[in-house]
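From just these sequences and the hints, can you work out the full model?
Taken in order, these protein sequences are the chains called L and Y. Start counting the first sequence at 0; every next residue gets the next number (numbering that gives the first Met the number 0). Start counting the second sequence at 0; every next residue gets the next number (numbering that gives the first Met the number 0).
Be careful, since some hints might not be right.
Label-pair distances were calculated between CB atoms; the ranges are [what the hints assert, rightly or not]:
1. P190/Y to A225/L: 34 to 44 Å
2. T30/Y to P54/L: 54 to 64 Å
3. Q33/Y to Y226/L: 16 to 26 Å
4. I262/L to K4/Y: 50 to 60 Å
5. R232/L to L12/Y: 34 to 44 Å
6. T143/Y to G200/L: 42 to 52 Å
7. I211/L to D92/Y: 54 to 64 Å
8. I27/Y to R232/L: 16 to 26 Å
9. A3/Y to I211/L: 20 to 30 Å
10. N40/Y to Q281/L: 51 to 61 Å
11. D81/Y to C230/L: 21 to 31 Å
12. A25/Y to R232/L: 17 to 27 Å
13. G36/Y to A225/L: 30 to 40 Å
The set of hints was computed from the structure by calculation and includes no laboratory data. As the structure is a prediction and not an experimental result, all values here were calculated from the model. Cβ atoms here follow ideal geometry from the backbone N, Cα and C, with glycine treated the same way.
Chain by chain, the residues:
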Amino acid sequence: MRRVTVPSPAHRGFAVRILSYLLPWQFSPLACVVFTLTLVLYLRGLAVLRRDGAPVGPWRPLVFFLGLALNYVVMQTYFDYVAQHMFWVHRLQHLILHHVGPALLVLSAPVSVLRAGLPRPVWRALRARWVRRPIGLLWRLLQHELLAPVLFVGLIYFWLIPPVHFLAMLSQRLYLLMNWSMLVDGIFFWWMILAPIEAQGAAAVPYGRRVIVLTAVALPQIVLGAYIALCSRPLYSIYEVCGLAWHITPMLDQQLGGLLTWIPGAMMSAVGVLVILHHVLQADRRALAETRAKAADASAGAPA
Amino acid sequence: MNGAKLARTGAALTVVLAVIGGMLAAVIGCTRRQLPGRMTNVAGLVAPLKFHMTDQGGAPVSATSFRGDAVLLYFGYTHCTDECPTTLATLADALQRLGPQANLVRVLFVTVDPRRDTEPVLRRYVSDFGPQFVGLRGTSAQLTRMIKRYRVTYTYQKPYPRGDYQVGHSSAVFIFGPDGRARLLAQNGAPAGIIAADLRHLLPARYAAGHEHGDPPAGI
Numbered sequence: 000m001r002r003v004t005v006p007s008p009a010h011r012g013f014a015v016r017i018l019s020y021l022l023p024w025q026f027s028p029l030a031c032v033v034f035t036l037t038l039v040l041y042l043r044g045l046a047v048l049r050r051d052g053a054p055v056g057p058w059r060p061l062v063f064f065l066g067l068a069l070n071y072v073v074m075q076t077y078f079d080y081v082a083q084h085m086f087w088v089h090r091l092q093h094l095i096l097h098h099v100g101p102a103l104l105v106l107s108a109p110v111s112v113l114r115a116g117l118p119r120p121v122w123r124a125l126r127a128r129w130v131r132r133p134i135g136l137l138w139r140l141l142q143h144e145l146l147a148p149v150l151f152v153g154l155i156y157f158w159l160i161p162p163v164h165f166l167a168m169l170s171q172r173l174y175l176l177m178n179w180s181m182l183v184d185g186i187f188f189w190w191m192i193l194a195p196i197e198a199q200g201a202a203a204v205p206y207g208r209r210v211i212v213l214t215a216v217a218l219p220q221i222v223l224g225a226y227i228a229l230c231s232r233p234l235y236s237i238y239e240v241c242g243l244a245w246h247i248t249p250m251l252d253q254q255l256g257g258l259l260t261w262i263p264g265a266m267m268s269a270v271g272v273l274v275i276l277h278h279v280l281q282a283d284r285r286a287l288a289e290t291r292a293k294a295a296d297a298s299a300g301a302p303a
Numbered sequence: 000m001n002g003a004k005l006a007r008t009g010a011a012l013t014v015v016l017a018v019i020g021g022m023l024a025a026v027i028g029c030t031r032r033q034l035p036g037r038m039t040n041v042a043g044l045v046a047p048l049k050f051h052m053t054d055q056g057g058a059p060v061s062a063t064s065f066r067g068d069a070v071l072l073y074f075g076y077t078h079c080t081d082e083c084p085t086t087l088a089t090l091a092d093a094l095q096r097l098g099p100q101a102n103l104v105r106v107l108f109v110t111v112d113p114r115r116d117t118e119p120v121l122r123r124y125v126s127d128f129g130p131q132f133v134g135l136r137g138t139s140a141q142l143t144r145m146i147k148r149y150r151v152t153y154t155y156q157k158p159y160p161r162g163d164y165q166v167g168h169s170s171a172v173f174i175f176g177p178d179g180r181a182r183l184l185a186q187n188g189a190p191a192g193i194i195a196a197d198l199r200h201l202l203p204a205r206y207a208a209g210h211e212h213g214d215p216p217a218g219i
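Okay, structure coming up:
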């Protein structure tokens, strides 16, 4: 049995319907500025790199656009409406904002492109000592292998504590704070985990420790997800209080949401380990090639 | 471990503790907003009262029409068989307990089913509960603006063969002070006694018996 969601544009014409699903449910100037600026910077960077004779292959931009689009869709379209009124859709929203979206953005290695897209004066201003030092310090702190996982898991737990969750879904401002905190923290965390050491500079965490961090963040997510999924009483009454977007029982809603926190959330750690393994193999291959080259040089240069 | 690294670990640990402490403080803050009797303090969290709709008499009304009154805002529909009549009866009971101060309270019943809840239907329905009850009906744009503002929703169920249908809707009662600012949220099942006691807190004490509705409370 299907309930028609009333605020849904389902009864209108096809083109109008598609457009209404894509238009922001609640327009957020912040999201508009951030997403537009990122997109413009990136596109400009692509153009600059192409002009300079160093074009970027199709895959990296594709992954970047996919990550950006996913984050935009869950934050600003009709999806956002459903996420406000269905717990499991809200969990899916956070899975994208905190895990999948940021991981895709990081995997696309966007820094060189974004930097090329920055207008030169802005780039010079950012390089100024009094700007670079505090940002660098803050960055290194957030990339610390102790702080990053605490923030990552802490935010998941914090926003899911029932009284906190109740108010976060009730208040527009807290809701935005919640979603942005997930996205920003996701980018920091997955940058620390997934970016190759060469790209990270002084803040880089060794690959071995990253695997430990990934394991350490997977366990609490499994515990929390399992608790929510298996709990026999309703934990998040706010969805009933404000009305459900679709016709499923609140208990089923909670169980689905728990499963989404439990399995795909923790699975992202496994994916992360695979990416790290790839980095390690790459580094190994490079080291081997260097050794071989050195050996070849040595034998060629050796006196007969 | 060299000195710089040690300092960095120390700083990270300090921030870790600060983060945990901050989160705990926020949790305590949120918990304290849960009041006894399924009430929640939502001051500063829910948007102030603002809307444009039509009342059960067909007159256009807005939030300013109710400035000076404590307002209880509820979304429902007249064909509702369980939640709406129960909630409205509880609110009527709470107003009864308030005595003469009830003249300073308005219950706004916003229909989420304007197709069936025409003005006469709405008029008959709200008059059953008391003179403080106002039925509000909006165009689809007005209603959508309101549910976005209060972050609630409603869904029409598949119609029965005879053509009638049920509507899923929010169960919250948003309570606003005489200044139009949101103060409390009553969940389904909040007892009338507690609602009445909380309303008494919102209303100026000196406005007891004999107050003419419509006078703005002085000094607020």
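To see whether the hints hold, each was checked on the structure:
Between P190/Y and A225/L the Cβ separation comes to about 35 Å, which falls inside the hinted range of 34 to 44 Å. The hinted window of 54 to 64 Å between T30/Y and P54/L holds, with their beta carbons roughly 55 Å apart. Q33/Y and Y226/L have their C-beta atoms about 20 Å apart, which keeps the hinted 16 to 26 Å range intact. Taken as a hint, the range 50 to 60 Å is violated for the pair I262/L and K4/Y, whose Cβ atoms sit roughly 37 Å apart.
The hinted window of 34 to 44 Å between R232/L and L12/Y holds, with their beta carbons roughly 37 Å apart. For the pair T143/Y and G200/L, the beta carbons lie near 49 Å from each other, so the given range of 42 to 52 Å is met. Range check, I211/L to D92/Y: about 60 Å between beta-carbon atoms, so the 54 to 64 Å window is met. Taking the beta carbon of each, I27/Y and R232/L are about 22 Å apart, inside 16 to 26 Å as hinted.
Roughly 22 Å separates the CB atoms of A3/Y and I211/L, a value that falls within the hinted 20 to 30 Å. Roughly 55 Å separates the CB atoms of N40/Y and Q281/L, a value that falls within the hinted 51 to 61 Å. The given range of 21 to 31 Å is respected by D81/Y and C230/L, whose C-beta atoms sit roughly 26 Å from each other. A hinted range of 17 to 27 Å holds for the C-beta pair A25/Y and R232/L, which are about 24 Å apart.
Between G36/Y and A225/L the CB atoms are about 32 Å apart, so this pair conforms to the stated range of 30 to 40 Å.
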